[in-house]
Amino acid sequence: MTLTDERKPSEEEAANPELERGAERREAWRGFLHAVPAYAYLIVFFVLPLVIVFVFSFASRGRTGRPLLEDWNVDGWARLTDPLVRTIVGRSLLVAVMNTVFCLVIGYAFAYWIATRRKQSTRTLLLILVLIPFWSNFLVRTYAWRMLLDSDGYITQLGEFTGLWGRTLFTLPAVFLGLLYGYLPFMVLPLYAAIERIDWSLVEAGRDLYASGVKAFLRITLPLSRPGIIAGSILVFVPSLGAYVTPDILGGAKTTLLGNFIVTQFGAARNWPFGSALSGAILIVMLLATILYFRTGGRTV
Amino acid sequence: MTSRHAASGRTRTDRWLSLNGWFVFAFLYLPILVVIVFSFSGAANVGTWGGFSLRWYRRLAGNEQLLASLENSLWVALYSTIVATVFGTAAALALDRYRRWASRGTFDAILYLPVIIPDVTMAVMLLLWFTQIGLPLGRASIILAHIAFNISFVAIVVRARLAHMDSSMEEAAADLYATRWQTFRRVTLPLIMPGVLGGALLALTLSLDDVVITSFVQGPGSTTLPVHVFGLIRRSVTPEINAVSTLMVTASMILVFSSLAIQRRGEN
Amino acid sequence: MTASTAAVGIHGVTKRFGEDVVAVDDIDLEIQDGEFFSLLGPSGCGKTTTLRMIAGLEYPTAGSIRIFGEEMGLRPPNKRPINTVFQSYALFPHMNVEDNIGFGLRMQKVEKAEVSSRVGEAIDLVRLTGLNSRRPGELSGGQQQRVALARALVNRPKVLLLDEPLGALDLKLRQTMQLELKDIQSNVGITFVYVTHDQEEALTMSDRIGVMNHGQLVQVGRSEDIYEFPSNMFVAGFVGEMSFLPGEVVETGSVRLAGGEVVRARTDSSPGTSITLILRPEKLHLYGEVSEVPPGRNVLNGSVSRRTFYGNSLSYEVELGASGSFDVQVENVPSQTRWDVGDKVVIDFHHEAASALAE
Ligand SMILES: Nc1ncnc2c1ncn2[C@@H]1O[C@H](COP(=O)(O)OP(=O)(O)OP(=O)(O)O)[C@@H](O)[C@H]1O
Ligand SMILES: [Mg+2]
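Chains as they are written, first to last, in my numbering: chain A, 1 to 301; chain B, 1001 to 1268; chain C, 2001 to 2359.
Calculated directly from the structure, the hints in this document are not laboratory data.
Just to be clear, a hint being listed does not mean it is correct.
[Claimed, not checked] With beta-carbon atoms standing in for the labels, derived distance ranges:
| id | chain 1 | residue 1 | chain 2 | residue 2 | range |
| --- | --- | --- | --- | --- | --- |
| 1 | A | G252 | B | G1221 | 29 to 35 Å |
| 2 | A | L68 | B | W1075 | 31 to 37 Å |
| 3 | A | D152 | B | G1105 | 54 to 60 Å |
| 4 | B | R1180 | C | R2156 | 21 to 27 Å |
| 5 | C | R2156 | A | A40 | 41 to 47 Å |
| 6 | A | D152 | B | S1018 | 32 to 38 Å |
[Stated by the list, open to error] Part of the chain B face toward chain A, derived, beta carbon under 8 Å:
| id | residue |
| --- | --- |
| 7 | I1032 |
| 8 | W1101 |
| 9 | D1119 |
| 10 | I1147 |
| 11 | S1245 |
Everything numeric in this text was worked out from a predicted model, so none of it was measured.
Beta carbons are placed, not taken as given, at the ideal position from N, Cα and C, and that holds for glycine.
My request is simple: use the sequences and hints to build the entire structure.
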C-alpha cells in the first residue's frame, strides 16, 4: 500500500502553476488565431466602415455632393429634426414597429402550430415549406406583389369585384403587405426554434396548476419562448427600419421611408453627410437592439 | 414529447391555429405561383393568360446585358462564398472550441452585427469606406462587400453544428495519437461538413440575392443579375421579368433542397 | 517499490478550475504495472479530472504525473503512451467499426498490412467478429462499448484509462462486461485505471482501489482491505452497507456504547477516546434468546423496528434504546426465523466484525 512515495519529485520536475497557465495561454492564442481572418476582415470591412459613417456625418458637403473632411459641423444630425425628416423617420418607425408586431402575432401562431404537430415528419415538412420562401429571392418575392397589386392585378380585380378596394400599388398598405410578406419567415424560424425546444411537460404541469389553457400559455409557454421572440423581433425590426427594396417597388412618392430617403441622399440629392447622419441613426438603433439581445441572453438564430 | 399531444389537441384553438397556418402558407406561396404561371403565358400583357409559351425564356437567352450580369453574379457569388466559408468556419471554431481568449466577446458581437444590419446602412458604410480608401468600384469591391456580410451567416450555421458535436470526439482523436491537424482533417471537418456546406449554400444564396449593397458598390459593367432585374422592375412590369424571376426562384429551390439533403445526410 | 517502476506516478497533483473550484486536491498515488486500479468516489469528487490529467486532456495546476518514471509535464495526449475509453465512448460516427479501431494505428503511421491484422485481432478479442463495416449508430450500447475498448487496446498502450465505461449499460450487460473486462485485462496484462462511482463494481474488478472525496484521496488499498478495514468514516459509509454506533474506548479491544453496554471490538485508539463503532449488517446475527448465542460472542438486546424484504435477503432495523440502532441482514433461507416489527431480539457478532473508528 503506497499512499505517499518516499521519493518526492524534485522542485524543477514538478509541474508548476506557471506551466499550466502557459498551456492555457497557448490554447487561448490558438483560438485567437482561428478568429484572426474573420476578425481582421470584419474590422477592415465592417467596423471601420461603421466608424467612418459617423465621421462623415460631421463632414461638410462639397460642391459635387462628395463630402469634404473639413469644416466639421452637425448640420446632418440637426436636419433630423426637420419637419419633413421627422415625418419620414416617424413613418419608418411606425412601419417597422407595425411590421414587427404583425410578424410576431401571425408568426407566433404559425410557429406554434408547426411546433405542436404530433409527428416529427409533419413538423419537418412544414418547416421545409417555410424555408423555401425564406431562401427564395427577396426581389422576386416583392415583385410578385407588384404584379398582384397593379391596376390589372388579381388582388386589385378582387377588390374592385367586391367593391372593397381599388388599386393599392404605390400606397402605404402595399408597402406593409410587402414587408410582412418579406420578413415573416425571419420571424417564424427563430420562434419555431424556441417553441420546438419547450419541454411540454412543463406546460402540462402549468395546466395542472393554473387550470385554464390561456393562463398556462401566458405564464409558461410565452416566457419560455422569449429568446425566440426577442431574436425574431430584432431580425424583423432592424431590417424593416432600413427597408429599401420593398418601399421602392411597392410604395410611391408619398410613402418615402428612411431607406429610400438615405439612398436619395447618395443619389439625386447628393448630400452624403446628411445620408451618413441618417445611416448613423439607424446604426445606433441597431447597436441598442444588439445590446438588448446580448443582455437578455437570447441566442437562437 | 408525449405532452406535445396535449398541446395539439383537437380543440377550438387548434382549429384556429390550423386555419392560420394554411392561410400563411397560401400567403407565402400564391404570389410566387402567379409569377411562375404567367412566365409561361404567351401574352405580352402581364395579367392576361395568352396560352402556354416559352417565348419569354427564349427572349432571355438572347439578352446580352442580362447574360453579362448573370456572369458577374456567378463570379461574385463563387468568390465571396469560398472566402466567407473558410473565414466563417474558422471563426465558428474559434468561438465554439476555444472558450478563453481575450477579446472573444467583442468578436462574438461584431460577428453578429452584419446579420441584422439593414442593407441600406451596410451599403452606405461600404461605399463611404471604399471611396475613402480609394478602392475602385467594380467586381472586386462587390466581392469584398459580399464577403463582409456572408462571413457571419456561415459562422452562425457552422457554430450551430459544432454545438451539437461533443468535443470528446476531438479528445478521442488526440488520445489516439492524431496531431491537431489530423484531428481537424479526419474528425472535426467530416463531422461539421453538413454545417459548412449548409453555410456555403446560404452564403451563395445571399450573394445571389443582394440588390442594395451591390448597387452601391458596383462600378461600370459589374452589375449583377438582381441589380439588373431591379432596374427593369422599377421601369415596368414585363413578362420577361416573370421568366427571370421563375429561373431565380428555381435556383433558390435547388439550393434549399441541396442544403436540406446535405443536412439530412449529416444526421445519419 | 521505486518511482521508476510505477506505471503511473501521481505526486502532489492539484487541479483548480478558475479561482475557487478545486477539483483535485494534492493527490499522491502510485499505480503498479499490470494492476487493475479503480478510482472510486461520489459524483463530482474529481475522478474524471484525475483521469483526464493522466491522459493529458487537462494539465495539473501543481504536481507531477509520471508514466513509467517519465515526467509528462505539458506533453499533449497524442504523445503519451496511454489510451482512454471515454464514458460516452466518443466513437467517430462517420467511420465504421474497423476504421474506428484502426484510427490510432493509422495516426501512428503503422503499415497497412499490420493495421489490418491488428485490427482483426482486436475485433476478435472483444468478440465483435463480423461487425467490421457497421457504423457506431448501427450498434447496440454493449457493442459500442466493445468498439471503444478495442479502439484503445489495439494501440497496446502502457496504461489504459477507463472512465465509467459501463455507466450507460443496463444491469445484466454491465455484469457480463465486468467479467469480460477483467478477463481481457488479465490476458493483455496492461495496467488499467478504472473510474467508477459504483462501489460494487470497484470491489469485484479491482486489485486495488483509491477512494476519493472532495478532490482528495481518502484511502488506497486492496479491495478487501477497503471493505473490511475502512480507515475513516467516509470510506466506511461509502463502500458497502454500514451501521454506526457512537461510543468510547474502555481499554484496548473493548468499547462502551452510548447506552452503557460494553462490547469487544477492534480498536487502535487509547482508552477514553470517543469513537464510532462500525458494523456490517451481514456480519450480525439475530436470536430470540441469549441461550441460543454461541459462547464467546458479543451480545446486545434490542427490538425490531423495521423489516425490509430484498428477495435473497431480509434486512431488520434493530433499536438498542440509548445506544442507537443498526441494520442486520439475514439470508433468506428456510432455516432462518423471521422476525416482525416489535419482536425482542438478541444480536450477536464476532469481535473481529466490529471496528472502532476515531472521529
Ligand atoms: N472544465 C471544468 N471547469 C470548471 N469546473 C470543472 C471542470 N471540470 C470539472 N469541474 C469541477 O470539478 C469537480 C470534479 O469534477 P469531475 O468531473 O472530476 O468529477 P467526477 O468525480 O468525475 O464526477 P462524476 O462521477 O459525476 O463523473 C466538479 O465539482 C466539477 O464541477
Ligand atoms: Mg466523471
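Status of each hint after checking the structure:
| no. | hint | result |
| --- | --- | --- |
| 1 | A/G252 to B/G1221: 29 to 35 Å | holds, 32 Å |
| 2 | A/L68 to B/W1075: 31 to 37 Å | holds, 35 Å |
| 3 | A/D152 to B/G1105: 54 to 60 Å | holds, 55 Å |
| 4 | B/R1180 to C/R2156: 21 to 27 Å | holds, 24 Å |
| 5 | C/R2156 to A/A40: 41 to 47 Å | holds, 46 Å |
| 6 | A/D152 to B/S1018: 32 to 38 Å | holds, 34 Å |
| 7 | I1032 | holds, 6 Å |
| 8 | W1101 | holds, 4 Å |
| 9 | D1119 | holds, 6 Å |
| 10 | I1147 | holds, 7 Å |
| 11 | S1245 | holds, 4 Å |
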